[in-house]
Amino acid sequence: MAEKGIIKKILPFFLLAVLGSETDPALGQATKPAWQTEWNRVLEAGKKEGRVVAAIPPSPELRKGLEETFTKRFGIVLESVPARGGAVIRRIVEESKAGVRYFDLHIGGTESIVKGLLPENVLEPVEPWLILPEVREAKNWWGGHIWIDNAKHFIYGFSAYQTASLWYNSDLVKAEEVRSFDDLLDARWKGKIGLSDPRTPGSGASIWAYMMLIKGEEYLKRLAGQKLFLARDLRLLAENLAKGRVSIALGIGYSESLPFIKAALPLSAFPTPKEGLYTTGGYGHLTIIKNAPHPNAGKVFVNWLLGKEAQEIFSKAMGAPTRRLDVDTKWSKEFGVLAAKDGLTLEQFYRMENQSEERIYKVRDPAALLARKLFD
Amino acid sequence: MAHPETLDRSSPLSARFDWHLLLMSLLLLLVAFLVLTPLGLLVFNSFQLSRPGAPIVYGLEGWRKAFVSPGILQAMMNTFTLAITRQIIALVIGIFIAWLLARTDIPMKGTLELFFWLSFFLPALPETMGWILLLDPKYGLLNQWLLGLGLLKEPPFNIYSFWGIVWVHLGGTIGIKVMLLTPAFRNLDASLEESSRIVGSSAIGTLVRIVIPLMMPAILVTTILGLIRSLEAFEIELLLGVPVGLHVYSTKIHELVTWEPPQFPPAMALSSIFLLVLLSLVALQRFYIGKKIYTTVTGRGFSVRPTHLGRWRYPAFAAVLLIAVGTTLIPTVLLVMGTFMKLFGFFNIPDPWTLDNWRQALSDPVLLRSLWNTIAIGLGAGIVGVIFFSLIAYVVVKSRFAGRAILDFLSWLPWSIPGILLGVALLWTFLQTKIFIPIYGTIYILMIAMVIKSMPFGVQLIKSVLLQLGNDLEEASRICGGGWFYTYRRVIFPLLLPALITVALVGFISAARDISTVVLLGTGKSRTLSLMMLDFAAGAEFEKATVVAVIIVVLVVAAALITRCLGGQISIRG
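These protein sequence lines are chains A and B, in that order. For the first sequence, my numbering assigns the number 1 to the initial residue and increments by one for each residue that follows. For the second sequence, my numbering assigns the number 1 to the initial residue and increments by one for each residue that follows.
Treat the hints as calculated values from the structure; they're not laboratory data. All of these numbers come straight from a predicted model, not from anything done at the bench. There's no promise every hint is true.
Taking lysine-lysine and the DSS-like style, the derived pairs with C-alpha atoms no more than 27 Å apart in a straight line are [what the hints assert, rightly or not]: (1) A:Lys-174 / A:Lys-274; (2) B:Lys-65 / A:Lys-373; (3) B:Lys-525 / A:Lys-290; (4) B:Lys-138 / A:Lys-227; (5) A:Lys-262 / B:Lys-342; (6) A:Lys-139 / A:Lys-333; (7) B:Lys-65 / A:Lys-362; (8) A:Lys-362 / A:Lys-152; (9) A:Lys-215 / A:Lys-227; (10) A:Lys-97 / B:Lys-434; (11) A:Lys-290 / A:Lys-48; (12) B:Lys-138 / A:Lys-262; (13) A:Lys-47 / A:Lys-32; (14) B:Lys-525 / A:Lys-316; (15) B:Lys-525 / A:Lys-48; (16) A:Lys-97 / B:Lys-525; (17) A:Lys-64 / A:Lys-362; (18) B:Lys-138 / A:Lys-192; (19) B:Lys-342 / A:Lys-227; (20) B:Lys-342 / A:Lys-64.
Isolated chain A (complex conformation) (with noise of 0.2 Å):
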């Protein structure tokens, strides 16, 4: 009988809260948060709108894991462009002031960005198109977020590294003998050290720009008195390094020194100069132009390439290790990239770092400038 009363006390509260919810939408929404809300129409709208057109580091086995993972997951189709940041960056530019539509996004290198696009105004903010937590909460990140661009809305860091920039053939040189960039102006090796060509952009000149700020013009103009040995293909420069046509070279990296290190040659990258090595975010820049043709099939893009699973995919095919915290990068020290996040302090990252829209201005094109006037 106590049990019959304590139920019909309890019922009519049970039904209101049935009731409410089934009757008030806002109610039962309620319990959805306002990302999701969000994530849902984007997704819904990026499937109606079909296709995503992005700009992408010319790399096929990027190519192919960003299309065929991107469009088996979405059923989006990732139409990419791999190119060159300096070719594809004029179109874009191009396109742009002829009200052509064409690109949503580009990901590349920084300096043809900081040129190219940022001054003709065709880029939108990044972060508005930040939807889910994983991507946009800075605390998954190694240093939170980062941007390239001095007003810190455009130009999207999301790899950071160093990379071995001096390497070694281990037949002909012995790892102790360099063991700071003054080393490399002893005479034993005048006419023996290869350089990617810094008059063009690149990790020539990202090494060079490098020298320039910790060792200054003179060290530069006597480093291009030992008779250096320019090349503008990198696979060239390293099959030189693996055959012994020089025994130093600067400026290769992970891609170039890869199929080599694998076959088992003596290429070898020298530890750490005293002097430190450049920290950059190599190509892993991500950048939204304006009046993307297909706004909400970026976006879905956009949040899946700062996602575990296209960052995973960046990292290995590019060589170029995340920031994301839950991605694993140790296996990248294996091939002389160290992660950021790995080994660094964000201070020793900024300290050496040359890829800023500041540091561009300032040390990049002095650099190049002394690069042009010593080897032209």
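Could you slot chain B onto chain A? The hints should help.
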């Protein structure tokens, strides 16, 4: 050039047919638009000095910077000496080989001719890497073998040198000369040579005093085309010259274009030299050809009896075979070998051979699409180009149209723009001309770009063959009641067919191999094999890039064989 008075009554293109005049005027306007728009935009932008995003400023600073930049005079000298050296060598050898293939009883002509076509098809990067493998001063296989014989103390060959660059270029340069000259040599009535032999001249004497002067239009066109292309060449120079400080004009232009931001004003200023050289060469050509007559095919019958070489038959064959093997077979073997190596050129690593390169390239999901796009663009550019170029050439040679000299001059102009700048110029053209916007990003825009690029070659080759055709052939057709279209279809077209096929094929090859234009105008959907190759090369996956290069070569060889079956070997029957 044809004498206009001989076309007075019979020509379908004399002034009384206003609609013909209208069509020719429209043709002139179309060519002017397609050629002058990109050139004009380049020239205009060469005075635009502002940095990206800054207010527009015009001035001469770009031009000044171009011509006072350090090393530019030396680069200019290197360019001209390299170009002239290899053109002279290739011309002498090319004329001789074309004569042997077209006019003598040398055995295996078809096979030998195909070898030389193949040498033109080979892509520059893998070919150069192959020669580096053989002729690197320190590690080249040939150098090592020769040093191993104990007869030499120093390696005899150094690929990183002036002569190394000339050598690597020679294959393609001789190849194109043989490709262009052989059809023209075939269109020579043997009775002219026989007359020379009757009065006591030797075979070589006949070649020098009869054949070569009659072939002058074709030889001049081939020389000009070759010289202009040589001046613009930079891929091989980039690999072999830059490491030893040997710069050429185009590597300087390439450098300027790869600056951040690209330095178009000085780059365009430097390329204006090509325009000056082209204008001078074209003027020389027109002056030389002038009012002379180069008719070799008339209505009076045609003899195709080959010149008998006698005891020189097999030595000549051996010499041509040696050149073909040296310039074609060796690089082709190295190219194919590279596709099966883990690391090209490294024979002493564990398990140096692999099928992985082929597996990965063939399983790439974009391969089929890229192959289809390449074929479509190549075919489109080849077919449209042939129709377009033959129309232009016909108007220039056979009509009395007042604007034919301008039309002829305009058809040369696309080659006054170096390839590395033409892509940008075409990008500007297509984006700033509303009529192109609906097809922007499709394969059709790429076809149009390729047609513009190959216009000088196509028009000039067809023109040189048209100059060989006497007007009496058309007149005879008219007298028998044939209209213009009937005459063109039944008389002119069969005689032009070998040249048209060569033009279509070269158009196809250019489209298949082009990178500088496709990278700026192509999309993910219109991606070609050349872009796929660039993808692999830029990612330092050289071996997979050579797999794609081999696929391109196979595609092009298949196209060449098909065209030869369809009528590439058609020559005039006596």
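Structure-based check of all given hints:
Of the supplied pair hints, the one linking A:Lys-174 and A:Lys-274 holds, its CA atoms being roughly 16 Å apart against a limit of 27 Å. A hinted pair counts as satisfied when its Cα atoms are at most 27 Å apart, and B:Lys-65 with A:Lys-373 qualifies at roughly 13 Å. At most 27 Å may separate the alpha-carbon atoms for a hinted pair to count; B:Lys-525 and A:Lys-290 meet this at roughly 22 Å. With a CA separation close to 17 Å, the supplied pair B:Lys-138 and A:Lys-227 stays within the 27 Å bound.
For the suggested pair A:Lys-262 and B:Lys-342, the alpha carbons sit about 10 Å apart, so the restraint of at most 27 Å is met. Between A:Lys-139 and A:Lys-333 the CA atoms are separated by roughly 24 Å; this keeps the pair inside 27 Å, and the hint holds. This hinted pair checks out: B:Lys-65 and A:Lys-362 have alpha carbons roughly 22 Å apart, not beyond 27 Å. In summary, the hint linking A:Lys-362 to A:Lys-152 is supported, as the alpha carbons are separated by about 18 Å, within the 27 Å threshold.
Only pairs whose Cα atoms come within 27 Å are accepted, and A:Lys-215 paired with A:Lys-227 is accepted, the gap being roughly 19 Å. For a cut-off of 27 Å, the pair hint linking A:Lys-97 to B:Lys-434 stands: about 13 Å separates their Cα positions. Our distance criterion of 27 Å between C-alpha atoms is met by A:Lys-290 and A:Lys-48, whose separation comes to about 20 Å. Of the supplied pair hints, the one linking B:Lys-138 and A:Lys-262 holds, its CA atoms being roughly 24 Å apart against a limit of 27 Å.
Proximity of A:Lys-47 to A:Lys-32 is assessed by CA-CA distance (about 21 Å); at most 27 Å being required, the pair is judged to hold. A distance of roughly 26 Å separates the Cα atoms of B:Lys-525 and A:Lys-316; the hinted pair therefore holds under the 27 Å criterion. Using a Cα cut-off of 27 Å, the hinted pair B:Lys-525 and A:Lys-48 holds, with the two alpha carbons roughly 19 Å apart. For the hint linking A:Lys-97 to B:Lys-525, the alpha-carbon distance of about 23 Å falls within 27 Å, and the restraint holds.
As the CA atoms of A:Lys-64 and A:Lys-362 are separated by approximately 37 Å, the hinted pair breaks the 27 Å bound. With a CA separation close to 13 Å, the supplied pair B:Lys-138 and A:Lys-192 stays within the 27 Å bound. Between B:Lys-342 and A:Lys-227 the CA atoms are separated by roughly 31 Å; this puts the pair beyond 27 Å, and the hint is violated. For the suggested pair B:Lys-342 and A:Lys-64, the alpha carbons sit about 21 Å apart, so the restraint of at most 27 Å is met.
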